[in-house]
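J.: Be aware that the sequence shown starts at 140, since it is given in the working numbering, and climbs by one per residue.
Be a bit skeptical, because a hint or two may be false.
Quick list of in silico lysine-lysine cross-link-like pairs, DSS-like style, CA-CA up to 30 Å [to be verified]: (1) K237 <-> K537; (2) K467 <-> K422; (3) K342 <-> K237; (4) K342 <-> K537; (5) K422 <-> K199.
In short, the hints are calculated from the structure, not lab data. Nothing here was measured: the structure is a model prediction, and the numbers come from that model.
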Amino acid sequence: MNIRYLRDAHRMGVRCCDLILLWSRPVVREQVDSAALGTAPRWIWALFLALVAFAPGSTKVAGSIWIFTVSFAVWCLFFVPKASALRTDEAALLSLSKLWLRFCIVAMAFKAVGMTYWGDPWWTRHFDFRILLAAAAMPTLLARFRISAEQKSQLISALVIASGVALIVAYRLAYHDVETPSNRINWSGGLVMLTCAILPMLKDDLLAGRQKWAVGVGAVAYVLAVLLIGARGAYLALPWVFFGGVVLLGGSMWRSIGATRSRRYAALVLVGMLAIVPIFLPKVLEVPVERVTQGVSELQAMVSREAVDSSAIDTSVGTRLYMWQRSKNMIAESPWIGFGREQRIAFIQTWGAEANAHIVLDQTHLHSEYVNGMIDHGIFGLLSTLSYMVGAVVLAWKLRRLFPLAAFSVGGIAYTHIVMSFTDTNSQTNNYSVMLTVSLLIVFLLSLSDPARRMESQNERLVPSAK
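Whole structure, please, built from the sequences with the hints as guidance.
T.: Right, dumping it as structure tokens:
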């Protein structure tokens, strides 16, 4: 290993960290008390809600949320005063947003080692830059704004509208072969993350019963959209939604209905929905059954034969298993620093030609974040990949006491990212990183809007914010 390259990578990583920490540190002269913090201007909030509502319908709209958030944070950094002192829960939330930023910086630093060593083009790392800049924007916004109870309801309504947009997109694909705005797998993954963001609102005691029903309908619409799309990688993330929604949160919504007679009507409505949906949308059941059956068949074709031919490899599952198997020996040859992006693509082309597998020849990545990271940059690449996952898990764990609903959401986002990274390289797409950052931002905004907690904490100890 060339030590000089590692030294250069280390210096570059340190400089990047210094610049990002400096950027995320408020530099305005004026500061105000936490109680004096206002909400975002109405037109800005309305634009944000509109973008959220229609994000599933267009990658450009979803990407605009990221651009809007980062740009607005930069403007606020210089022109909007931050709080000089925060209440205990507010200070905790701000501190945790900075913790997430630190994990993103660590991930970028690990990535910089391999990128510098192999001379890989930085424009290919849009995933890391998007997450890093959004993570840097979050503390800036949390230190300057709150959202009211009315705005919280508006944000929830926007998420419910987004679920309807997502269901329309999925319906057009399932019944009219109109493709999704982005790759089906990462697009479905983004929907699961939005589901995780909205689902805990079923247990929010500050929401009215009708709002909880709207949340429930929205969550169901998101799940139906994922089922209709047929992305098996996203199916792996649905257990969190199913078990969380039914076992952990369903009881809260049920108790909020009230009288026994009302509960009876509610039960009839739920049973009716479960019966009607497959009738009007039969592919909600047909597509998952077909996709899972097909996956099992492709897996059996790969593992049941002593000599695997090109027909078995030229499938979705076969391509993945073949490339992972071939990657195993290459990882053993260079476990620390990998081979770089160009050599990874060359490997795939060689393996596809040897197996006469056309699907393999069409690939540029290895359909696994973990394997892709190891082939590209060895241990450094794997550590970069794991930094985001560990950061999200730690964030969920630390949120659990003061913000249990947010902890559930972040835990679901972390689980989704972890399991979907086994079977696909979502960092190679634009939409996935945007939806991940947008989902986290929404979770933090919903956590920051608890008016009851803020009223009860008027007499709580004020915590000076960082200068």
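J.: Each hint should be assessed against the structure and marked as holding or not.
T.: Status of the hints after comparison with the structure:
1. K237 <-> K537: Judged against 30 Å, a Cα distance of about 13 Å means the pair holds.
2. K467 <-> K422: violated, 38 Å
3. K342 <-> K237: holds, 27 Å
4. K342 <-> K537: holds, 19 Å
5. K422 <-> K199: Answer holds: K422 to K199 is near 28 Å, not above 30 Å.
Going down the numbered hints, you'll see the structure goes against just number 2.
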